[in-house]
Amino acid sequence: MSESKIRIALILPDVLGTYGDGGNVIVLAQRLHWRGHQVEVVEVDVDSPVPNDCDIYLLGGGEDTAQQAAVTLLRRHPGMQQAIDKGAAVFAICAGLQVLGTSFTGADGILHGGLGLLDVTTTPMGRRAIGELIAKPDPALGIGTLTGFENHGGATKIGTDARALGTVIHGVGNGVDRFEGVYQGKVIGTYLHGPALARNPELADLLIQWATGLQLAPLDLPEVDLLRRERLAIAD
Amino acid sequence: MSAPLDGRTRVAVQLGKAASWLSRAAGRGSGAIIGGRVALALEPRALERLTSGRRVILVTGTNGKTTTTRMITEALGARGEIATNATGANMPDGHVAALMNKPKAGYAVLEVDEMHLDQVAEQAHPAMLVLLNLSRDQLDRVGEIRTVEQRIRKVVEANPNAVVVANADDPFIVSAAQSAKDVEWVAMGSSWRGDSASCPRCGHHIDTSTTEWHCTCGLRRPTPGWTFDGDTVTAPDGTKLELNLQLPGAFNRGNAAVALATAYRQGVRFQDIVMKLNQVSSVDGRYRDVNVNGRKARLLLAKNPASWLASLDLISDGDRPMVLVVNSREADGFDVSWLWDVHFEQLLGRRVVVAGGRAADLSVRLKYADVPHTVVKDSVAAIQSLPPGDVDVLANYTAFRDLVAKVGSEK
Numbered sequence: 001m002s003e004s005k006i007r008i009a010l011i012l013p014d015v016l017g018t019y020g021d022g023g024n025v026i027v028l029a030q031r032l033h034w035r036g037h038q039v040e041v042v043e044v045d046v047d048s049p050v051p052n053d054c055d056i057y058l059l060g061g062g063e064d065t066a067q068q069a070a071v072t073l074l075r076r077h078p079g080m081q082q083a084i085d086k087g088a089a090v091f092a093i094c095a096g097l098q099v100l101g102t103s104f105t106g107a108d109g110i111l112h113g114g115l116g117l118l119d120v121t122t123t124p125m126g127r128r129a130i131g132e133l134i135a136k137p138d139p140a141l142g143i144g145t146l147t148g149f150e151n152h153g154g155a156t157k158i159g160t161d162a163r164a165l166g167t168v169i170h171g172v173g174n175g176v177d178r179f180e181g182v183y184q185g186k187v188i189g190t191y192l193h194g195p196a197l198a199r200n201p202e203l204a205d206l207l208i209q210w211a212t213g214l215q216l217a218p219l220d221l222p223e224v225d226l227l228r229r230e231r232l233a234i235a236d
Numbered sequence: 001m002s003a004p005l006d007g008r009t010r011v012a013v014q015l016g017k018a019a020s021w022l023s024r025a026a027g028r029g030s031g032a033i034i035g036g037r038v039a040l041a042l043e044p045r046a047l048e049r050l051t052s053g054r055r056v057i058l059v060t061g062t063n064g065k066t067t068t069t070r071m072i073t074e075a076l077g078a079r080g081e082i083a084t085n086a087t088g089a090n091m092p093d094g095h096v097a098a099l100m101n102k103p104k105a106g107y108a109v110l111e112v113d114e115m116h117l118d119q120v121a122e123q124a125h126p127a128m129l130v131l132l133n134l135s136r137d138q139l140d141r142v143g144e145i146r147t148v149e150q151r152i153r154k155v156v157e158a159n160p161n162a163v164v165v166a167n168a169d170d171p172f173i174v175s176a177a178q179s180a181k182d183v184e185w186v187a188m189g190s191s192w193r194g195d196s197a198s199c200p201r202c203g204h205h206i207d208t209s210t211t212e213w214h215c216t217c218g219l220r221r222p223t224p225g226w227t228f229d230g231d232t233v234t235a236p237d238g239t240k241l242e243l244n245l246q247l248p249g250a251f252n253r254g255n256a257a258v259a260l261a262t263a264y265r266q267g268v269r270f271q272d273i274v275m276k277l278n279q280v281s282s283v284d285g286r287y288r289d290v291n292v293n294g295r296k297a298r299l300l301l302a303k304n305p306a307s308w309l310a311s312l313d314l315i316s317d318g319d320r321p322m323v324l325v326v327n328s329r330e331a332d333g334f335d336v337s338w339l340w341d342v343h344f345e346q347l348l349g350r351r352v353v354v355a356g357g358r359a360a361d362l363s364v365r366l367k368y369a370d371v372p373h374t375v376v377k378d379s380v381a382a383i384q385s386l387p388p389g390d391v392d393v394l395a396n397y398t399a400f401r402d403l404v405a406k407v408g409s410e411k
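Same order as they appear, the protein sequences are chains A and B. When the count follows the working numbering, it moves up by one through the first sequence with no breaks and lands on 236 for the last residue. When the count follows the working numbering, it moves up by one through the second sequence with no breaks and lands on 411 for the last residue.
There's no promise every hint is true.
[As the list claims (entries may be wrong)] Below are the DSS-like pairs computed for lysine-lysine, each with C-alpha atoms no more than 30 Å apart in a straight line: (1) A:LYS5 - A:LYS136; (2) B:LYS377 - B:LYS367; (3) B:LYS154 - A:LYS136; (4) B:LYS367 - A:LYS186; (5) B:LYS181 - B:LYS154; (6) A:LYS86 - A:LYS157; (7) A:LYS157 - A:LYS136; (8) A:LYS5 - B:LYS367; (9) B:LYS276 - B:LYS104.
Hint data in this document are derived by calculation from the structure and do not stem from the laboratory. Only a predicted model underlies this, so the values are computations on that prediction, with no experimental measurement involved.
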């Protein structure tokens with residue numbers, strides 16, 4: 001595996017990536033580089049077909065118009081959906097999470113169909129959730145406490161085919177049943193900006209393992225440990 | 001000359017000044033804003049009354065407001081007394097305070113927070129609107145920049161007689177300004193494209209890889225009358241003007257080109273404007289060198305991703321060690337995820353110390369950028385951790401303010 005390049009696709013980075021989510025690709029790429037793997041990042045814009053041979057797909061946060069552009073693009077070029085069938089992992093934040101659900105209602109009150117990759121529906125929450133978000137992850141995932149910064153007006157309800165990524169300790173999260181985020185197969189959705197993978201290195205490595213099957217040696221990053229201690233302390 | 005005030009406004013102004021004096025006497029800062037606040041509470045139309053009969057120039061945008069306001073004020077200096085909010089107090093209370101303190105000034109040059117431009121313009125009836133740029137500022141506080149653009153557009157439409165000076169390189173500013181009858185388009189240049197990649201009008205992708213950007217919906221870069229190349233500004237009539245600014249960086253040459261266009265439209269001669277612009281050496285504490293225990297620290301303010309990018313471009317030419325300070329108090333915005341939109345990778349090879357309340361976040365960002373650094377939370381201690389000599393200090397809003405309060409008086 002270390003011989004071939006690991007490919008990471010960024011879906012519409014110029015409109016989905018409002019809150020530093022572009023940092024997630026920096027984190028994934030570096031964590032692979034530091035372990036001696038080669039990485040190729042593919043930026044997918046509105047005019048380019050979505051490749052079906054990437055290992056990890058990333059969708060960030062954005063505005064309503066960007067969400068509709070993403071749905072249109074991913075329906076016209078179902079490369080990501082084909083890649084999921086072959087074992088690729090997807091990490092979608094905020095607006096990205098909503099796009100991957102079965103439906104979402106925007107600030108304009110209009111119901112939009114989503115891609116149906118996550119069994120969730122999103123409706124306006126009636127207020128905006130802004131602030132630090134901390135969640136206890138689903139124990140089945142075997143990762144540490146989740147931390148990030150949320151900034152969204154959507155409430156997301158999880159259906160029977162998907163599971164919550166975690167349970168909220170501090171903040172709002174999905175805004176339904178004290179859950180934060182969702183996962184279904186290897187597709188993860190979350191309201192954690194920050195960016196999420198910088199603050200949650202075990203989540204980053206979980207995505208890499210899901211997508212590549214690599215056995216990853218732990219990385220010693222005291223900078224990240226310090227940041228996590230500071231951010232998690234606000235819930236104490 | 002300004003018009004005489006009505007009785008109610010006169011009383012409001014006098015009480016405001018008294019409040020301002022009391023605040024100063026109690027050692028609670030310069031007292032300017034409190035005075036404006038008191039006057040506004042007593043006379044909600046104080047801004048209209050106080051601007052009546054004056055020629056008003058409003059300056060707005062995400063970055064460069066304070067510097068450009070100062071430059072325009074300097075350039076107009078020969079035309080008489082000017083009321084201006086030089087310290088960046090850019091909400092209506094700050095405007096009222098500035099106008100109260102210069103009751104006889106015939107000109108008012110006011111820096112205006114972009115979310116308050118409509119409110120201020122409605123009362124101040126501007127003769128000129130200066131529109132610099134729009135990019136994301138505090139992610140968790142200010143609304144989407146599309147909303148801001150639409151509000152500025154309405155101000156332009158509501159003031160058809162105002163002369164507009166606008167940045168031709170920013171799609172959001174072009175969208176806001178293009179309906180104006182009389183526009184001086186200035187090619188200010190921009191290295192930040194993070195927000196303008198999608199069209200303010202239709203949301204589609206704009207190809208910003210070329211200077212002559214355009215969108216399929218028809219929004220396109222207007223032909224600028226004012227351009228600059230290095231230190232040379234070219235005016236619409238082809239006149240070449242050589243700048244020799246003390247303020248560093250391409251973004252300050254862009255601000256100077258805007259000040260040139262503005263003062264020129266007020267009838268000031270080119271050579272007089274250039275001379276005044278060249279004399280500006282620091283703006284509200286920014287760009288100033290201060291001595292910190294033998295370290296000559298140049299203080300730079302960067303409030304948001306666009307200004308961090310521009311400032312890093314500016315200081316990355318040199319080889320000075322640098323101190324980066326980031327806080328996340330309310331005035332900064334609580335969300336620091338924008339650190340990941342700034343290209344810190346270019347600092348490789350520099351000696352870097354990170355400080356401030358969010359030093360840990362910056363440290364993780366630099367780690368992933370492969371930039372070695374040390375963490376010293378206190379910003380003054382961070383400067384002192386470096387060997388004596390020149391240091392560049394780049395700080396966000398409250399970090400900068402705290403630092404100036406601590407070391408600003410040390411020459």
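Tested hints:
1. For the suggested pair LYS5 of chain A and LYS136 of chain A, the alpha carbons sit about 33 Å apart, so the restraint of at most 30 Å is broken.
2. In summary, the hint linking LYS377 of chain B to LYS367 of chain B is supported, as the alpha carbons are separated by about 17 Å, within the 30 Å threshold.
3. Between LYS154 of chain B and LYS136 of chain A, the direct Cα distance comes to roughly 47 Å. Violation of the 30 Å bound is thereby established for this hinted pair.
4. Under the criterion of a C-alpha separation no larger than 30 Å, the hint pairing LYS367 of chain B with LYS186 of chain A is consistent with the structure, at around 28 Å.
5. With a C-alpha separation of about 14 Å, the suggested pair LYS181 of chain B and LYS154 of chain B falls inside the 30 Å cut-off, and the hint holds.
6. Between LYS86 of chain A and LYS157 of chain A, the direct Cα distance comes to roughly 27 Å. Compliance with the 30 Å bound is thereby established for this hinted pair.
7. Of the supplied pair hints, the one linking LYS157 of chain A and LYS136 of chain A holds, its CA atoms being roughly 18 Å apart against a limit of 30 Å.
8. Using a Cα cut-off of 30 Å, the hinted pair LYS5 of chain A and LYS367 of chain B holds, with the two alpha carbons roughly 23 Å apart.
9. Restraint check: the Cα-Cα separation between LYS276 of chain B and LYS104 of chain B comes to about 23 Å, which is no more than 30 Å; the hinted pair holds.
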